[in-house]
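J.: In case you want the letters, here they are:
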Amino acid sequence: MSGAILGVETSCDDSCAAVLSAEGVILSNVISSQAIHDKYGGVVPEIAARHHLELLTPAIDSALAQAGLGLEQIERVAVTQGPGLIGALLVGVGQAKAIAAARAIPLVAVDHLQGHVAANFISPDSFEPPFVCLIASGGHTLLARVDEHSSYALLGETLDDAAGEAFDKGARMLGLPFPGGPALEALAAGGDSEAFNFPTARNVKGFDFSFAGVKTALLYAIRDLGEEEATRQRADLAASYQRAIVEALVERLERALDADGCGRVAIGGGVAANGPLRERVARLGLESHIPARNLCTDNAAMIASAARFLPECSPAAALALDAYPSGARR
Amino acid sequence: MSRGRAVLAFDTATAATVVGLSVDGELVCELADRPAADERPRHAESLLSLCQEALAEAGIAWADLSRIGVGVGPGTFTGLRIGVATAQGLAQASAVPLVAVSTLEALALPVRTAEPTLQVAAVADARRGEAYIAAWSSGGEQTVGDQACPPQQLVAVLAAESATTIAVGDGALIFRKELEIGSIAVPEDRSALHQLAGGALCQLAASNEPLGAEALVPHYVRQPDAEISLQNRTESK
Ligand SMILES: [Zn+2]
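One line per chain: the protein sequences are A and B, in this order.
For the first sequence, our numbering assigns the number 1 to the initial residue and increments by one for each residue that follows.
For the second sequence, our numbering assigns the number 1 to the initial residue and increments by one for each residue that follows.
It should be emphasised that the hints constitute simulated quantities derived from the structure, not laboratory data.
Hints are not guaranteed to be accurate.
[Said to hold, decoys possible] From chain A, some residues computed to sit far from chain B (all C-beta separations above 10 Å):
| id | residue |
| --- | --- |
| 1 | G3 |
| 2 | A102 |
| 3 | R103 |
| 4 | L154 |
| 5 | G190 |
| 6 | V204 |
| 7 | F207 |
| 8 | G213 |
| 9 | R234 |
| 10 | R255 |
[Stated by the list, open to error] Going by beta-carbon spacing under 8 Å, a handful of chain A positions derived as facing chain B:
| id | residue |
| --- | --- |
| 11 | K39 |
| 12 | I47 |
| 13 | L53 |
| 14 | E54 |
| 15 | P58 |
| 16 | I60 |
| 17 | G87 |
| 18 | L90 |
| 19 | V91 |
| 20 | K97 |
| 21 | I99 |
| 22 | L319 |
| 23 | A320 |
In this text, a Cβ means the ideal position worked out from N, Cα and C, and glycines have one as well.
Here chain A stands alone, though its shape is the one from the complex (with noise of 0.2 Å):
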């Protein structure tokens, strides 16, 4: 007995596929980048859904390929109910659905954000309950408490937007292409993260997070200074941006901290491929995990691994599983 999970993860515009041991270490991790998105200024749901629809089956055989693994050797299917694009993740969840059917082995329907978490469990480095985590991407921002495998407490989320729209956003006013997260990265790295004081929404309360401040005052900062010298000062424009997003994310995760007293911290999500981010949270000086950037992004091995420590569908339950889309929390 193998025990090995297939992961399958499609909730937004990465058809992904991955292997994992029973013991949680990753045997293969395919993800289908679409990258198409570009040209239409941001994920498009409907684009979306037809990708992976065509490149799924193909990132699922290559997942298997590399793990040197057939079907018959997988003996749990792991995938994304949600919350997501909800055709797109109905993609992933009919076709998991059909492999286990046909199988007859177990389904797991995973939540995308346990996902992230469980992204810390992956072996050999697993990091282990108790610790604070902060997930941030484009689709969500929170902060959570991890007491157990299988579940979290939420602390606080966004009020607005999630921290990866706020820089998709702030990369768009810089005349960055999408997505905004790494172009905007790479050209704040030429410039001085103090040139400009933008705001971290200190006051809003508790562990809540709040970008529309940040990004009205990168607006008019760039209206203020004209056309000609926002692009002169660009890059600054751009470091002080990044920082403010940051300290506003590290800001809510020390209050955690502070307010926890586990003294450990773990992040993940599409922001945590940040690297002032990482840098940033590293140097806390607390216990920290940070996995590697292909696990922070959305990936399916981080879906697998939430899967071990997760129930099993009913058999009636995996064959009528639906998907979830954003905003409807189970």
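Fit chain B with the ligand to the supplied structure of chain A, relying on the hints for placement.
T.: Below, chain B with the ligand without anything else, positioned relative to chain A:
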């Protein structure tokens, strides 16, 4: 136990989830989940459950199937994808060959058998005030290719060759008035001819050529809205 050629075929392009299972050309089980007019489709919840139920009823295992047929539309985008993704997963796991079935052809098939002297049009609700249509001559030739059509053009497109035409499908019910004014006959509302049948799906699945899982794509007919507006922006530049 030796078996004949078992064909499982299903369709999720319309609001209904329809499953058929045939052995050696004979329909042995037909199951459908047809939501009422005010209900949402339940493709995700129903499709695999109905398939499993059909197999169990006939005492057939997944691996015993000689092929799996899936309706590829045209129809609702999300419904189509649930069907195709399910078919891809089943084929991947069971190594059973996949066959694409045209939803409109399956809709028209029982009428073509019942009314062999007429031109038969399949007219499905395409939402946005339009219908997905296709038509076949009495000789069996497809006279109108799959397309989305506004109601005011239905008669002009379907009766172009002035053949006597009968139209079926949920779209034919919605646009009954437009069709009948153009002398296109529409069976009474309650007629089973307006519903996609599992038997027709199995029949087409048995006769069509198998495809690789990656060659199996929905027949969307319409482009995504974002693609259309991008093209309009590019053209107006
Ligand atoms: Zn994510």
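J.: Evaluate each hint against the coordinates.
T.: Verification of the hints:
Annotated as non-interface, G3(A) keeps its C-beta farther than 10 Å from every C-beta of chain B; the closest such distance is 18 Å. Remark: the non-interface label on A102(A) conflicts with the geometry, its nearest Cβ contact in chain B lying 4 Å away (cut-off 10 Å). The beta carbon of R103(A) is not kept farther than 10 Å from every beta carbon of chain B, the shortest such distance being approximately 5 Å. Taking the minimum C-beta to C-beta distance to chain B, about 27 Å, the non-interface status of L154(A) holds against the 10 Å cut.
Residue-level check passed: G190(A) sits 32 Å from the nearest beta carbon of chain B, beyond 10 Å. No beta-carbon of chain B comes within 10 Å of the beta-carbon of V204(A); the shortest separation is about 34 Å. Non-interface status of F207(A) relative to chain B is upheld: no Cβ of that chain comes within 10 Å, the nearest being about 35 Å off. Residue placement check: G213(A) keeps its beta carbon more than 10 Å from all beta carbons of chain B (closest about 30 Å).
At the 10 Å boundary, the C-beta of R234(A) stays outside the reach of chain B, the nearest C-beta of that chain being 25 Å off. No Cβ of chain B comes within 10 Å of the Cβ of R255(A); the nearest lies about 40 Å off, and the non-interface call holds. With its C-beta approaching chain B no nearer than about 7 Å, K39(A) sits inside the 8 Å limit, and its interface hint holds. A cut of 8 Å between beta carbons decides the hint on I47(A): the least distance to chain B is about 5 Å, and the hint holds.
Evaluation of the L53(A) hint against chain B yields a held restraint, the C-beta minimum of about 5 Å falling below 8 Å. The interface hint given for E54(A) is met, as the beta carbon of that residue sits about 7 Å from the closest beta carbon of chain B, less than 8 Å. Interface restraint check: P58(A) against chain B, minimum CB-CB distance 7 Å, threshold 8 Å, status holds. Annotation: I60(A) was flagged as interfacial toward chain B, and the flag holds, the nearest CB pair being 7 Å apart, inside 8 Å.
Contact between G87(A) and chain B, as hinted, is supported at the beta carbon level, the nearest pair being about 5 Å apart and thus within 8 Å. About 6 Å separates the beta-carbon of L90(A) from the nearest beta-carbon of chain B, less than 8 Å, and the hint is met. Annotation: interface hint on V91(A) holds; nearest CB of chain B at approximately 5 Å, less than 8 Å. A distance limit of 8 Å between C-beta atoms decides the matter here; for K97(A) the minimum to chain B is near 6 Å, and the interface restraint holds.
Using the Cβ-Cβ criterion of 8 Å, the hint placing I99(A) at the interface with chain B is satisfied: the shortest such distance is roughly 4 Å. With a cut of 8 Å, the hint placing L319(A) at the interface with chain B holds, because the nearest CB-to-CB distance is about 4 Å. The beta carbon of A320(A) comes within 5 Å of a beta carbon in chain B, closer than 8 Å, and the hint placing it at the interface holds.
The structure fails to meet hints 2, 3 from the earlier list, while all remaining hints are met.
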